[in-house]
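Chemist: Sequence:
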Amino acid sequence: MPPLLPLLLVLRSRTAHSYSLSVSSLVTLLLRRRSMATVASTDPVCPTNTRVGWIGTGVMGRSMCAHLLNAGYTVTVFNRTLSKAQPLLDIGAHLADSPHSLASQSDVVFSIVGYPSDVRHVLLHPSSGALSGLRPGGIIVDMTTSEPSLASELSAAASSKNCSAIDAPVSGGDRGAKTGTLAIFAGGDESVVQKLNPLFALMGKVNYMGGSGKGQFAKLANQITIASTMVGLVEGMVYAHKAGLNVELFLNAISTGAAGSKSLDLYGSRILKRDFEPGFYVNHFVKDLGICLKECQNMGLALPGVALAQQLYLSLKAHGEGNLGTQALILALERLNNVRLDNAVASKPSA
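For reference, each letter of the sequence shown is one residue, going -18 to -1, 1 to 333 in mature numbering (1 follows the signal peptide of the UniProt record, and there is no 0).
Don't read these hints as lab results, they were simulated from the structure. Take the hints with a grain of salt, since some may be wrong.
Subject to a maximum C-alpha distance of 35 Å in a straight line, what follows is the list of computed DSBU-like cross-link-like pairs (lysine-lysine) [claimed, not checked]:
| id | residue 1 | residue 2 |
| --- | --- | --- |
| 1 | Lys299 | Lys66 |
| 2 | Lys224 | Lys177 |
| 3 | Lys224 | Lys187 |
| 4 | Lys160 | Lys177 |
| 5 | Lys244 | Lys187 |
| 6 | Lys160 | Lys244 |
| 7 | Lys244 | Lys299 |
| 8 | Lys255 | Lys299 |
| 9 | Lys276 | Lys187 |
| 10 | Lys299 | Lys269 |
| 11 | Lys196 | Lys276 |
| 12 | Lys160 | Lys299 |
| 13 | Lys143 | Lys177 |
| 14 | Lys143 | Lys255 |
| 15 | Lys244 | Lys269 |
| 16 | Lys276 | Lys66 |
| 17 | Lys224 | Lys143 |
| 18 | Lys269 | Lys160 |
| 19 | Lys269 | Lys66 |
| 20 | Lys66 | Lys244 |
| 21 | Lys255 | Lys224 |
| 22 | Lys196 | Lys143 |
| 23 | Lys224 | Lys196 |
| 24 | Lys244 | Lys143 |
Okay, the calculated beta carbon distance ranges per label pair [what the hints assert, rightly or not]:
| id | residue 1 | residue 2 | range |
| --- | --- | --- | --- |
| 25 | Lys66 | Ser210 | 38 to 48 Å |
| 26 | Ala235 | Pro108 | 32 to 42 Å |
| 27 | Asn305 | Asp247 | 40 to 50 Å |
| 28 | Ser210 | Asp257 | 17 to 27 Å |
| 29 | Asn319 | Tyr97 | 25 to 35 Å |
| 30 | Leu283 | Leu71 | 25 to 35 Å |
| 31 | Pro108 | Ser237 | 45 to 55 Å |
Ideal Cβ placement from N, Cα and C applies to all residues, glycine included.
Go ahead and model the full structure; you've got the sequences and the hints to work with.
Modeler: Here you go:
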């Protein structure tokens, strides 16, 4: 019997030693994984270590995404209408069959879609949304003009998964998207925005506006400014036409004065040519101005200019012109005044 006791002690010692080793190994593994995650989250954004996902390849998104591909980033795209993604696939983008699948292959996921309901579906849907497929440390950047409250909701949902979400809507239209000169309004964690600077710089200039939702608030204020500017532009053109001026000469004359504006530069000549191809859809502008007015009501603000602009743009939508560009506002003013600027360029000033 006595020899059995040392044996039991040896076995007990070996078992304890083995248990100790397994716990030690587990702790080491966990610490190593945490360290790897920390390193991954602090690695600089560059083509060699940052995989990008892009949801929404319409008028704006297609050009914005192309800049990332041309800079050498590995990009996976998703769009409900495959034909709109084809130009990006032709220059090297990969295709995903869902936002979830796209996010599982990406470190940073961009989205630029139509409406807040679309944002919610492609990013927050519990099974097919991008957030459900994003690994810890991943980043979502929503560049859709959307509701500030939804941006805050997305940020909170991302944080609960150890991810980050930035709201970064843009201004500059299709021309700014093509030339990489967009104004980008960013809200969220400033350190995350700074980390994404190499990506933002390919699309335009990023402006940090504050915490979550502040990017959306800045974009809505931008839309309010544009709305009244567009009303002023087309009213001036109709007035000049009715007064017998050559409208093209009139626009050239005011472009370098106090009445000059980006809207005039972008849309003046298009209006004269009856070019209503969308750089930004009337339907989407109606959506944006509706969000503006909703936020005005929440804040107790009276902004009659934006209310008037929304009514005029709604009249375009009522006439079936919602898929035209925002410069089609001239059509509403022409109808109100029973005029048409067809001969606006042809008329010459008398000697």
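Chemist: All hints, please: hold or fail.
Modeler: Against the structure, the hints come out as follows:
Our distance criterion of 35 Å between C-alpha atoms is met by Lys299 and Lys66, whose separation comes to about 23 Å. Taking the CA atoms of Lys224 and Lys177, the gap is near 53 Å; set against the 35 Å cutoff, the hint is violated. The suggested pairing of Lys224 with Lys187 is violated, with an alpha-carbon distance near 40 Å, which exceeds 35 Å. Between Lys160 and Lys177 the CA atoms are separated by roughly 23 Å; this keeps the pair inside 35 Å, and the hint holds.
Of the supplied pair hints, the one linking Lys244 and Lys187 holds, its CA atoms being roughly 16 Å apart against a limit of 35 Å. At most 35 Å may separate the alpha-carbon atoms for a hinted pair to count; Lys160 and Lys244 meet this at roughly 16 Å. Of the supplied pair hints, the one linking Lys244 and Lys299 holds, its CA atoms being roughly 24 Å apart against a limit of 35 Å. For the hint pairing Lys255 with Lys299, the CA-to-CA distance comes to about 21 Å; that is within 35 Å, so the pair holds.
Proximity of Lys276 to Lys187 is assessed by CA-CA distance (about 28 Å); at most 35 Å being required, the pair is judged to hold. Proximity of Lys299 to Lys269 is assessed by CA-CA distance (about 11 Å); at most 35 Å being required, the pair is judged to hold. A C-alpha spacing of about 16 Å is found between Lys196 and Lys276, which places the hinted pair at or below 35 Å, so the restraint holds. With a C-alpha separation of about 27 Å, the suggested pairing of Lys160 with Lys299 holds against the 35 Å cut-off.
Simply put, Lys143 and Lys177 have alpha-carbon atoms about 19 Å apart, close enough for the 35 Å limit, and the pair holds. In summary, the hint linking Lys143 to Lys255 is not supported, as the alpha carbons are separated by about 51 Å, beyond the 35 Å threshold. About 21 Å separates the Cα atoms of Lys244 and Lys269, which keeps this hinted pair within 35 Å; it holds. With a C-alpha separation of about 32 Å, the suggested pair Lys276 and Lys66 falls inside the 35 Å cut-off, and the hint holds.
Restraint check for Lys224 and Lys143: the C-alpha separation of about 60 Å exceeds 35 Å, so the hint is violated. Annotation: proposed proximity of Lys269 to Lys160 holds, straight-line Cα distance about 23 Å (limit 35 Å). Of the pairs offered as hints, the one joining Lys269 and Lys66 holds, with about 22 Å between alpha carbons and a cut-off of 35 Å not exceeded. Between Lys66 and Lys244, the direct Cα distance comes to roughly 28 Å. Compliance with the 35 Å bound is thereby established for this hinted pair.
Between Lys255 and Lys224 the CA atoms are separated by roughly 18 Å; this keeps the pair inside 35 Å, and the hint holds. For the hint pairing Lys196 with Lys143, the CA-to-CA distance comes to about 22 Å; that is within 35 Å, so the pair holds. Taking the CA atoms of Lys224 and Lys196, the gap is near 42 Å; set against the 35 Å cutoff, the hint is violated. Taking the CA atoms of Lys244 and Lys143, the gap is about 41 Å. The hint is violated against a cut of 35 Å.
About 32 Å separates the C-beta atoms of Lys66 and Ser210, a value inconsistent with the hinted range of 38 to 48 Å. Range check, Ala235 to Pro108: Cβ separation about 57 Å, and the 32 to 42 Å hint is violated. Look at Asn305 against Asp247: about 23 Å separates their beta carbons, and that is not inside 40 to 50 Å. Range check, Ser210 to Asp257: about 23 Å between beta-carbon atoms, so the 17 to 27 Å window is met.
Take Asn319 and Tyr97: their Cβ atoms lie about 32 Å apart, and the range 25 to 35 Å holds. Between Leu283 and Leu71, the C-beta spacing of about 45 Å breaks the proposed range 25 to 35 Å. Checked against the given bound of 45 to 55 Å, the beta carbons of Pro108 and Ser237, roughly 51 Å apart, stay inside it.
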